[in-house]
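K.L.:
Sequence:
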Amino acid sequence: MNGWQARWRPGQRLEPWFAPFALVNGAGIGLSPILLPATAARYGVGHVGLVMGAFNLGALVAPVVGSLADRSRAYRTLAAAAAAVTALALALFPWAGPAAQVLLGLGEGAGFAAALTVANLLIVERRPEAEWNSRLGWLETTLSVGQAGALFLAAWLSGLSTRSALLAAGIVPAAAIPLALMLIPRVRTAALRPARAGHQLASNGQVGEWGPASPSRVHHLHQRRRPLAGVRALLGGGFGWMLAAWIPSYAGAAVVFSLYPVLFRHAFGVATTTSALAFAVIVLVSLPLYVMAGRVSQRHGPAPVIAAALALRIVLLGALAAFAAASHVAAVLPLAAFAGIMCAWSLLSVASPGLTAQLKPGEEGDAQGLLNASTGLAGLLGSVAGGLIAGSWGYPVALAAGAAAVALGLVILSATLLRRRGAKTAAP
Numbered sequence: 001m002n003g004w005q006a007r008w009r010p011g012q013r014l015e016p017w018f019a020p021f022a023l024v025n026g027a028g029i030g031l032s033p034i035l036l037p038a039t040a041a042r043y044g045v046g047h048v049g050l051v052m053g054a055f056n057l058g059a060l061v062a063p064v065v066g067s068l069a070d071r072s073r074a075y076r077t078l079a080a081a082a083a084a085v086t087a088l089a090l091a092l093f094p095w096a097g098p099a100a101q102v103l104l105g106l107g108e109g110a111g112f113a114a115a116l117t118v119a120n121l122l123i124v125e126r127r128p129e130a131e132w133n134s135r136l137g138w139l140e141t142t143l144s145v146g147q148a149g150a151l152f153l154a155a156w157l158s159g160l161s162t163r164s165a166l167l168a169a170g171i172v173p174a175a176a177i178p179l180a181l182m183l184i185p186r187v188r189t190a191a192l193r194p195a196r197a198g199h200q201l202a203s204n205g206q207v208g209e210w211g212p213a214s215p216s217r218v219h220h221l222h223q224r225r226r227p228l229a230g231v232r233a234l235l236g237g238g239f240g241w242m243l244a245a246w247i248p249s250y251a252g253a254a255v256v257f258s259l260y261p262v263l264f265r266h267a268f269g270v271a272t273t274t275s276a277l278a279f280a281v282i283v284l285v286s287l288p289l290y291v292m293a294g295r296v297s298q299r300h301g302p303a304p305v306i307a308a309a310l311a312l313r314i315v316l317l318g319a320l321a322a323f324a325a326a327s328h329v330a331a332v333l334p335l336a337a338f339a340g341i342m343c344a345w346s347l348l349s350v351a352s353p354g355l356t357a358q359l360k361p362g363e364e365g366d367a368q369g370l371l372n373a374s375t376g377l378a379g380l381l382g383s384v385a386g387g388l389i390a391g392s393w394g395y396p397v398a399l400a401a402g403a404a405a406v407a408l409g410l411v412i413l414s415a416t417l418l419r420r421r422g423a424k425t426a427a428p
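Under this note's numbering, the first residue of the sequence shown carries the number 1, and numbering increases by one thereafter.
Treat the hints as calculated values from the structure; they're not laboratory data.
Any given hint could be a false lead.
[To be verified] With beta-carbon atoms standing in for the labels, derived distance ranges:
hint, residue 1, residue 2, range
1, G97, L235, 34 to 44 angstroms
2, P361, A271, 46 to 56 angstroms
3, A84, G240, 33 to 43 angstroms
4, G240, P128, 43 to 53 angstroms
5, A373, R299, 49 to 59 angstroms
6, R419, H328, 18 to 28 angstroms
7, A325, V411, 18 to 28 angstroms
8, A325, S67, 42 to 52 angstroms
Ideal Cβ placement from N, Cα and C applies to all residues, glycine included.
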């Protein structure tokens with residue numbers, strides 16, 4: 001045990017080893033969503049969507065890394081390797097051609113997802129189940145602070161040349177490598193809890209969204225292998241309808257997140273520095289909303305909360321489309337709409353695991369894993385489609401398509417789960 005760990009009281013929820021993960025998280029969802037699109041834009045807005053879609057696809061490496069960590073217990077090595085991949089992807093990005101940039105976006109997303117998977121495992125494998133939620137809350141608060149700090153840094157770096165900016169950005173995850181090797185506690189096999197059928201995390205997904213790769217906090221769920229028939233059974237009981245509503249609604253919102261700095265620069269005349277600063281402020285302001293969202297979801301039920309959040313996103317995406325179609329709109333208007341779209345995630349992120357547990361009691365671990373995979377797929381589809389539509393028909397059409405996709409999700413949710421809930425409430 002090193003000096004840091006020796007001075008740290010076991011009962012405390014905030015631990016020194018959170019630091020390297022905050023740096024990788026900041027690189028993944030603070031620096032990348034600003035600097036990668038701005039650099040990729042030289043090949044066209046359609047290419048931006050492909051790069052950010054690849055980033056989203058990289059997040060699907062999480063279950064593989066989780067299984068490897070379960071077998072090897074090499075948490076330090078895995079975290080350091082994830083930080084190294086993230087650093088290399090950022091630093092090499094401005095020198096790469098179009099195809100290589102897509103691969104580097106994939107690597108950036110994979111490194112980010114791998115690191116966050118290890119971080120969550122270090123809690124659920126080392127701590128009693130009664131402490132999981134509070135410790136995960138502290139971890140995710142630290143990660144959000146890292147994201148906000150990286151967004152402030154991105155605002156400054158965006159004023160430099162692309163090569164200088166991304167080389168400097170690569171230092172952030174690179175700094176996490178020695179910190180991971182020094183601060184991450186060693187885990188003895190004998191000290192580990194017995195193998196479980198699932199890590200069931202009630203707080204799963206409760207921290208802020210960044211566009212194409214959300215949920216940005218990739219909670220590892222140690223799942224038993226399911227044959228195809230098992231997956232089909234999992235989709236019963238209304239959970240399949242939840243996924244049918246979730247995928248288009250998430251894909252629709254991914255349009256604005258994947259194109260964020262490029263969209264605001266070209267459609268609204270907002271400099272990348274300003275949009276990055278605004279994003280950082282929005283992240284910080286939205287942090288207290290998760291507690292409020294939990295209370296609202298507890299009082300009214302998760303399905304109505306999801307519906308309300310989707311309705312808000314439809315209105316705000318439609319407003320962004322109208323602002324983009326108009327000329328000379330004050331920058332504060334589209335930034336305020338984007339802030340509302342971000343803040344709606346506080347409701348969605350808290351209510352979605354709650355609805356998952358409600359629909360699949362006893363199988364929420366497997367169901368949440370499937371929801372996370374569906375989120376990754378939706379983010380990929382929304383990012384790529386948004387970039388292609390914007391490149392062919394312009395930003396107003398891409399934003400309108402995003403609003404339509406969210407509306408489709410709300411219609412599906414209302415016609416199935418909300419209608420079923422209303423029928424149960426009306427029954428004597």
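K.L.:
When you take the CB atoms of A373 and R299, is the distance between them in 49 to 59 angstroms?
P.N.:
30 angstroms, violated
K.L.:
Taking 43 to 53 angstroms as the hint, is the beta-carbon distance of G240 and P128 inside that range?
P.N.:
34 angstroms, violated
K.L.:
Kindly confirm whether 33 to 43 angstroms is satisfied by the beta carbon distance between A84 and G240.
P.N.:
Cβ of A84 to Cβ of G240: about 39 angstroms, so the range 33 to 43 angstroms holds.
K.L.:
R419 and H328, beta-carbon distance inside 18 to 28 angstroms?
P.N.:
44 angstroms, violated
K.L.:
Using the beta carbons of A325 and S67, state whether their distance is inside 42 to 52 angstroms or not.
P.N.:
47 angstroms, holds
K.L.:
Given a hinted range of 18 to 28 angstroms, is it respected by the beta-carbon distance of A325 and V411?
P.N.:
For A325 and V411 the Cβ distance comes to about 24 angstroms; the hint holds.
K.L.:
Per the hint of 46 to 56 angstroms, is the separation of the Cβ atoms of P361 and A271 within bounds?
P.N.:
The hint (46 to 56 angstroms, Cβ to Cβ) holds, given that P361 and A271 are roughly 49 angstroms apart.
K.L.:
Could you tell me whether the CB distance from G97 to L235 stays inside 34 to 44 angstroms?
P.N.:
Distance hint for G97, L235 holds at roughly 41 angstroms.
Hints 4, 5 and 6 from the earlier list are contradicted by this structure; the remaining hints agree with it.
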